[in-house]
Amino acid sequence: MLRYILRRVLIAVPTLILVSVFVFTLQKLLPGDPVLAMAGEDRDPATIAFLREKYRLNDPILVQYFVWLGDVLRGDLGMSLRTGLPVTELIAQKLPVTIQLAIMSMFWALLIGIPMGIVSAVRKGTWADWLANIVALSGLSVPNFWLGIMLILLVSVNLGWLPASGYESPFVDLKRSFQTMLMPSLVLGTGLAAALMRHTRSAMLGVLQSDYIRTARAKGLAERRVILRHAFRNALLPVVTLTALLFGELLAGAVLTEQIFTIPGFGKLVVDAVFNRDYAVVQGVVLVTAVGFILMNLLADVLYVLLNPRMRDAL
Amino acid sequence: MTAVADLPRRAPSRSWRKFRRNPAALVGGVVVAFFVAIAVLAPLLPIPDPAATDWGAIRKAPSMAHWLGTDEIGRDILSRMIWGAQASLLAGVVSVGIAVAVGVPFGLVAGYFGGWTDGVISRATEALLAMPFLILAIALAAFLGPSLTNAMIAIGLSAVPIFIRLTRGQVLSVKTEDYVEGARAIGLGHLAIMGRYILPNVIPPILVQATLTVATAIIAEASLSFLGLGQQPPAPSWGSMLNTAKNFLSQAPWMAVWPGTAIFLVVIGFNMLGDGLRDALDPREH
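Residue numbers (my numbering), protein chains in the order written: chain G, 8 to 322; chain D, 4 to 289.
Be aware that a few hints might be false.
Stated by the list, open to error - Which chain G residues face chain D? A few, computed with CB under 8 Å, are given here:
hint, residue
1, PRO21
2, THR22
3, VAL26
4, LEU36
5, SER145
6, VAL149
7, GLN266
8, VAL289
9, ILE301
As the list claims (entries may be wrong) - In silico DMTMM-like cross-links for lysine to aspartate or glutamate, where the CA-CA straight-line distance does not exceed 25 Å:
hint, chain 1, residue 1, chain 2, residue 2
10, D, LYS249, D, ASP52
11, D, LYS21, D, ASP278
12, D, LYS249, G, GLU175
13, G, LYS131, D, ASP278
14, D, LYS21, G, ASP136
15, G, LYS131, D, ASP282
16, D, LYS249, G, ASP279
17, D, LYS21, D, ASP282
18, G, LYS35, G, GLU60
19, G, LYS35, G, ASP279
20, G, LYS61, G, ASP78
21, G, LYS131, D, ASP285
22, D, LYS249, G, GLU256
As the list claims (entries may be wrong) - Reference listing, derived: stretches of chain D covered by chain G, where coverage requires no fewer than 3 residues with Cβ under 8 Å from a Cβ of chain G:
hint, segment
23, 228-236
24, 256-263
25, 269-277
These are calculated hints, taken from the structure and not from any lab test. The structure presented is a predicted model; accordingly, all values stated were derived computationally and were not measured. Just so you know, even glycine gets a beta-carbon here, dropped at the ideal spot from N, CA and C.
Could you build the full structure based on these sequences and the hints that come with them?
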């Protein structure tokens, strides 16, 4: 098992290196000379020369990359031009907020998506299946930022039930924190629920046709027991993997959701950074997201093996 | 000589028959065709100039004069919606075109040659896939500068790995077929084998994926324009209309309702069309 995990970690290394190359290349896409922009209007040659030296822009690009990578490995993602704070510190401040949003969204996604997928598979071809498929297709097609706007219009503006924006830490005021996060997490969760529903349905359909389900039914087991104990437990495997992989979608969805509900998280950090031309922050966020995604991928693989006795024995 | 009329009419293919019998796919096709038609016909339709402001008709609710109402500077929302369809569909199709044009050749090469070529391309694809689609598109659009063209490039580049991976996988299964072995045996070059024997056989799944990715790309363009990184004002786009609308939710809710509905409809249309194409073209479904 340990060998398997080690092998997976080793496979992830080249991917991580390439991610770092991409993220480093991003800054090279910037139009114009960044030093000229930093030097101000008078463009004093001495200042330009100093900045070039300071940011090692006179070095060959490969050297620049390794210097940058060395800093990244030491946890130094550069300084935010806007706030003057280290990017690492900014990300560390904002990440917990987005993690809270992600956990709540995933809760709704699992709560809605999995039962819908099971019902849809068990009642294949009935109106329940048809309805669940339409709901899932709609969930995949609706832009979540628009859904957010519509919820604000209905729930906050018209009914006045929940705050339209803002954030409160759960450690300060749990009730208020839940209230501020309810709509954003539902908005993010519905899209994921749609993906989970489709996946659960297809996994369940595969499992329901297998011999051991026929045997379980032939033994006279109650249908509920057959579905939940025998079929669902086995269909859960690919669903667990997908749940881990949806992490990336969650972070991407959080960008717009946080913008709409003015939640001071990771997503809002990157959008604000984009508008303030705070490129070190944009780079930092992309890098952290990608690394997080690769780690979740790794976790999904390991979980898959842990949950699947046949795979576990094969190792 | 046989007259053309005497030739036996080619029976409609199995896939086409299957597609025609799928009501959801047909509905999707009609929805997409409707939006394409209004986008193409926009200059010919008797609608006001989408940029024309009317200070006497600011934030007016839908009426006979303005069917979908007006925005915060008195522009006709219906007209902006119709012209906005151009930006959305163009972004969807062009960005997917970029993704296919870059991704398919790389996927072909990786799958066909295998070995270290495949290793390098596949690792790069995994690295690109590790960056969530929208975050990568936002970062690219931010670094390239805000404009519809750059948004299309950013979305297209972000979707490249999807097509590399798909094409590579398809090539791996096609290249072991007898006809490819045969082509190799008669001494055809790599380029000819890839172009004449492999590519035509991997097109169906690419077509399905392209249709589904247009849906994703339309949402991505709307998202970038919503953030101010896509279509720039005063040119209309559904995403930027929503960005403005969110500031007037209590005074003019219609400003937010229509563009979002349009995005939803066109995206669901492409998704239904893509699902229908997949069911029709997937050999396992026959």
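If you take the shortest Cβ to Cβ gap from G/VAL26 to chain D, is it below 8 Å? 5 Å, holds
Supplied contact hint for G/SER145, tested at 8 Å Cβ to chain D: Holds. Min distance 7 Å.
Hint check: D/LYS249 vs G/GLU256, CA-CA at most 25 Å. Holds or violated? 23 Å, holds
Coverage of the segment 256-263 of chain D by chain G, judged on three or more residues with CB within 8 Å: holds (count 5)
When I compare C-beta atoms, does the segment 228-236 of chain D have three or more residues closer than 8 Å to chain G? holds (count 4)
Has the given pair, G/LYS131 with D/ASP282, been kept, meaning a C-alpha gap of at most 25 Å? This hinted pair holds, its Cα atoms lying about 17 Å apart.
Does G/GLU175 lie within 25 Å of D/LYS249 when you go C-alpha to C-alpha? 22 Å, holds
Holds or violated: G/LYS131 with D/ASP285, Cα cutoff 25 Å? 20 Å, holds
Holds or violated: D/LYS249 and G/ASP279, Cα atoms, limit 25 Å. 17 Å, holds
Hey, G/LYS61 versus G/ASP78, does the alpha-carbon distance stay inside 25 Å? It holds: about 14 Å lies between the C-alpha atoms, which stays within 25 Å.
For the hint on G/PRO21, just tell me whether its beta-carbon gets within less than 8 Å of chain D. 5 Å, holds
Does D/ASP52 sit within 25 Å of D/LYS249, going by the straight-line distance between their CA atoms? The hint holds at about 23 Å.
Of the numbered hints given earlier, the model fails none.
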